[in-house]
Amino acid sequence: MSGTNSATKQPNNRPLKESVRWLAMESVQRILFKEAFIHETVSDVLTTHSLSEADRKLLTELIYGTVQHYLTIDALLRQHVKRANRVKKWLWALLLVSLYQHYYLSQIPDYALVDEAVRITKKRGNQSLSRFTNGVLRNVLREVPNLDALYQQFQSLPWEERISQQYSLPKVWVTYFNQRFGKERTEKLAQSFNQRASMTIRISDHAIDRETEIVGALTAEGLNVEASSITPHAYQVTNGTPVHTQAFKNGELTIQDASAQLAAVALDAQPGDKVLDACAAPGGKTVQLAEKVAPNGHVISQDIQENKLNKINDNIDRMNVAKQVTVKVGDATKLSQTYAKETFDRILIDAPCSGVGLFRRKPDTKYHKSLQDLTSLQAIQKDILNDAVSVLKPGGVLVYSTCTITNEENQAVVEQLLDNHPELMITSISGRQQLLDQAQTSQGTIEILPDMFQSDGFFIARFEKEN
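For the sequence shown, the working numbering assigns the number 2 to the initial residue and increments by one for each residue that follows.
Simulated from the structure, these hints should not be mistaken for lab results. Please note: incorrect hints may appear among the correct ones.
What the hints assert, rightly or not - Taking lysine-lysine pairs in the PhoX-like style, the calculated list, with each CA pair at most 25 Å apart, reads: (1) LYS370 <-> LYS189; (2) LYS363 <-> LYS324; (3) LYS309 <-> LYS394; (4) LYS189 <-> LYS90; (5) LYS89 <-> LYS124; (6) LYS123 <-> LYS89; (7) LYS309 <-> LYS189; (8) LYS370 <-> LYS329; (9) LYS335 <-> LYS58; (10) LYS324 <-> LYS184; (11) LYS250 <-> LYS335; (12) LYS172 <-> LYS329.
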């Protein structure tokens, strides 16, 4: 989320405990040191505090950006603070937020940044701590005045440590990606995780005859949109808020990452098909599939977590496809116990995964995921796929997708599935030549890395069952 120039001074009449930087300090402390989820934390703080639109944007930027660049700023601070581990977590979070603002944002003078950090420290702690904050920030800003000087601090480090600290990627993932992709690709990946996560919209199939008109209306409403290079009828939004547009309210468009859209495109559902979306929440792909099977087909949209079904229902209602969809609780590892043999023409398994492809969109996760997660998730993924084959009709299509870029959850799972089910064969996704040129693997699957198209990291394997 870094790199914007939206920093503004706080209104003089706002209580200090309601200031953007105080709220950012508290939020960052919860996320980094209490393992709160970043999306939920930001949503909670925006819901419970009355902020102007500019302050909402700045607060979101400060939280996401500080978390995104945590290891970089933390390493810098530790060079300037003796016994850093003894500093109170809330104060460390305040220092992180303040330095993120200095190095990655602009339009706020250093004296104002330091002054507010000192006032917050005095209010939250005491006079002695405020002197500590003043001294640390002034020393750091004097000795390391800008981002170039900050990055220069890391150049003499061994390669893995440099990548980890410069790009704020835990060393375990630097090592993993280096073993898998090599140094050059690993650095590109690490850099891409710190770019702003793009927002992509998809025009509904029911509205594509009006696509030009809709895009024109979005522009008139203040959005900047650019056509996606990897999925049809999709547009990256570089400025503006789609949920406030008339087209969104009318169910003519939905918000969905381009990589995720491609999974439903790969399934290639046809009018009249009976389709299973086995791990469906939040329902974006269910909507895509329902549009394709209309008017006589049907989609069963299931998820194991009942509390997520409301989100699916909200999506299908807003997008006007509820007639084509049955929403239900269902365990994807028990499909053969739930449905009759050879029931479905098409099955989409957007499997539970580590989410390593989402490090840019969910920067908190890169600090909490471990390699052990890959093994436990792989077992679930294999169970789901092996069970799904029995409820797929001969001649049917099965698509397996994840939002991760690990071999254990992707290529290894596909190899095992093919070994167990010789009736399956991998088939390619047609018509997306630019995508195939860059993202198709020797296995015949699609692996989109986050540095390729400014989209989430994603994996797609398309199988056909012998007729």
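Hints and how they fare:
1. Taking the CA atoms of LYS370 and LYS189, the gap is near 20 Å; set against the 25 Å cutoff, the hint holds.
2. For the hint pairing LYS363 with LYS324, the CA-to-CA distance comes to about 33 Å; that exceeds 25 Å, so the pair is violated.
3. Of the pairs offered as hints, the one joining LYS309 and LYS394 is violated, with about 28 Å between alpha carbons and a cut-off of 25 Å exceeded.
4. The straight-line distance between the Cα atoms of LYS189 and LYS90 is roughly 32 Å, outside the 25 Å bound, and the hint therefore fails.
5. With a C-alpha separation of about 14 Å, the suggested pair LYS89 and LYS124 falls inside the 25 Å cut-off, and the hint holds.
6. A threshold of 25 Å between alpha carbons decides the hint, and for LYS123 with LYS89 the separation of about 13 Å falls inside it, so the pair holds.
7. Using a Cα cut-off of 25 Å, the hinted pair LYS309 and LYS189 is violated, with the two alpha carbons roughly 35 Å apart.
8. Using a Cα cut-off of 25 Å, the hinted pair LYS370 and LYS329 is violated, with the two alpha carbons roughly 30 Å apart.
9. A hinted pair counts as satisfied when its Cα atoms are at most 25 Å apart, and LYS335 with LYS58 does not qualify at roughly 43 Å.
10. Between LYS324 and LYS184, the direct Cα distance comes to roughly 50 Å. Violation of the 25 Å bound is thereby established for this hinted pair.
11. A C-alpha spacing of about 37 Å is found between LYS250 and LYS335, which places the hinted pair above 25 Å, so the restraint is violated.
12. With a CA separation close to 41 Å, the supplied pair LYS172 and LYS329 exceeds the 25 Å bound.
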